[in-house]
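Trainee: Below, each chain spelled out in residue letters.
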Amino acid sequence: MTRDLATPDAFSGGIKITLTDGTELEHFEAVNRGAGGQLLPADQVKAKFLDNCALTIPADRAEQLWNAMLNLDEMNDVAELTALLRTESNRAAQQPSGSEAC
Amino acid sequence: MQVSPLTHQTAPLSRAIADRVIALERDQVPQDVWDYLKLCLADAVGIAFASRAYDFAHKSLDSLNLLGSDGISTIIGQSATVSLRDAALMNGLLIHGLDYDDTHLASVVHCSASAFPAALALAEQRGLSGAELLLATLMAIEVDAMLGTQAGGVFQQVGFHPTGVVGVFGATVAAARMMGADSEALVRAQGVALSLSSGSMAFLDDGSWTKRLHPGWAASAALQAAALGVSGFQGPGEAYGGRFGFYALYAPGTSVETEAVSSQLFRDWALRTVAIKPYPICHFNHAPVDAALALRSEHAITPDVIKSVTILLDDRQFGVVASPIEAKRAPQSEYDAKFSAPYAVATALCKGSFSLADLEDAARMDPEVLSLAQRVVCAHDARSRYP
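Chains as they are written, first to last, in the working numbering: chain U, 113 to 214; chain Z, 2 to 388.
For the record, the hints were derived by calculation from the structure and aren't laboratory data.
Ideal Cβ positions, reconstructed from N, Cα and C, are used throughout, including at glycine.
Where hints are given, some of them may not hold.
To be verified - Each computed DSS-like pair below joins lysine-lysine, with the alpha-carbon atoms no more than 30 Å apart:
#, chain 1, residue 1, chain 2, residue 2
1, U, Lys-158, Z, Lys-60
2, Z, Lys-39, U, Lys-158
3, Z, Lys-308, U, Lys-128
What the hints assert, rightly or not - If the Cβ cut is set under 10 Å, some of the chain Z residues that face chain U in the computed set are:
#, residue
4, Glu-125
5, Gly-128
6, Tyr-336
7, Leu-371
All chains should be built: construct the whole structure from the sequences, respecting the hints.
Mentor: Right, dumping it as structure tokens:
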């Protein structure tokens, strides 16, 4: 396998900032968060999950879904899950707006 | 069997996969893999709900009305049910549609996006347990990761989207096993899947939507391939090797050693190297964004005190996220924004985060972000682990 064809297990990257007063700051991450060795922990996955669900379904339903997914191995029939997955998304209230960015 | 001079095959890989798939049991799966799998699938479900906020989802769902789709299968985010294969198609599309779903980095395959929808549709139809759904999904992910890794990036060079062309195989074997396939049926199903494997990279040229479709299509095709195989329909006995096999056609020049490859299957768990995305943008941009957020909070930096920013990457990544630099500084679409390192870093420095909302039109026209993006350049950094 040649160097060009090899595929990575993580993506490195960083930035260097020069401030108006001339100060130089640098930070480099060898492994991107989420990649091998730095798997995203459950609390960060849950935060992402709730953010995503918030675009189209109510928060209490999102919590129920999260719990269902994390207890999937205890579920005797996935009908319990699909009943929750059938939660009607709200197409009207969903267009994300820039105001959520911060 | 006549073998392509560039594609060496020691023994049929279809058979080796079939035998290992049949032998896999829940108790062979390490607990950390099992637990992480649940996180990956929860992540996938959350993204599917988010996707329903976007035009591509509405248009995709509208397309079902043209064809008609009666059935009892669930599409995430709606009470109306559809046919089995359409549910798999749409759920795959919703999961991958924002390019925010998990990725097996070594193969650049978004495995969950085809594996989960296919397994979910069948599990629902058959009233299976959650554990059976999890095991089937894991099976598909592991097969996809193994198959994708063997191509070492050649799929993309040829013009194929790895997630599309690989995804059909894992979902096929998982679906076939859920249907009660024996080894022969699994071999037939993989042979059929070979003829259904698809996904062009042409979307790269104009930011069009087909990439979003590929894993859902793979999931739907996999259900078809599995059903045909289980029903006795004859597919080629070897899907992967041979002169017209998967690697010869889709990744010419690569070789696969059946023993070496298949002996790792369900032993070296690829799921442990599947990355859940913290940001809804290209993986190349994640480390620079994290670095930007680290410096921003450490030094309380505001955009007005920034003279210039240099993003440090491997120069072979520039074609995807850094050049042409003028265009990358002012992305013209949501999709362009995902593949712009200057925009990602400028947004992170201005706002202290990067979420789905930052891909929207309003965010992309934010004067503060655009102004800072004009002061961003990219440079090669030898510390990069890019291989």
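Trainee: Evaluate each hint against the coordinates.
Mentor: Do the hints match the structure? See the list:
1. The straight-line distance between the Cα atoms of Lys-158(U) and Lys-60(Z) is roughly 29 Å, inside the 30 Å bound, and the hint therefore holds.
2. The hinted pair formed by Lys-39(Z) and Lys-158(U) meets the criterion: a straight-line CA distance of about 11 Å does not exceed 30 Å.
3. Under the criterion of a C-alpha separation no larger than 30 Å, the hint pairing Lys-308(Z) with Lys-128(U) is consistent with the structure, at around 11 Å.
4. At its closest, the beta carbon of Glu-125(Z) sits 5 Å from a beta carbon of chain U; the interface hint therefore holds under the 10 Å criterion.
5. The interface hint given for Gly-128(Z) holds, since its Cβ lies 5 Å from the closest Cβ of chain U, which is under the 10 Å cut-off.
6. Taken as an interface hint, Tyr-336(Z) does not check out: its beta carbon lies about 15 Å from the nearest beta carbon of chain U, beyond 10 Å.
7. At about 13 Å, the closest approach between the beta carbon of Leu-371(Z) and any beta carbon in chain U exceeds 10 Å, and the interface hint on this residue is violated.
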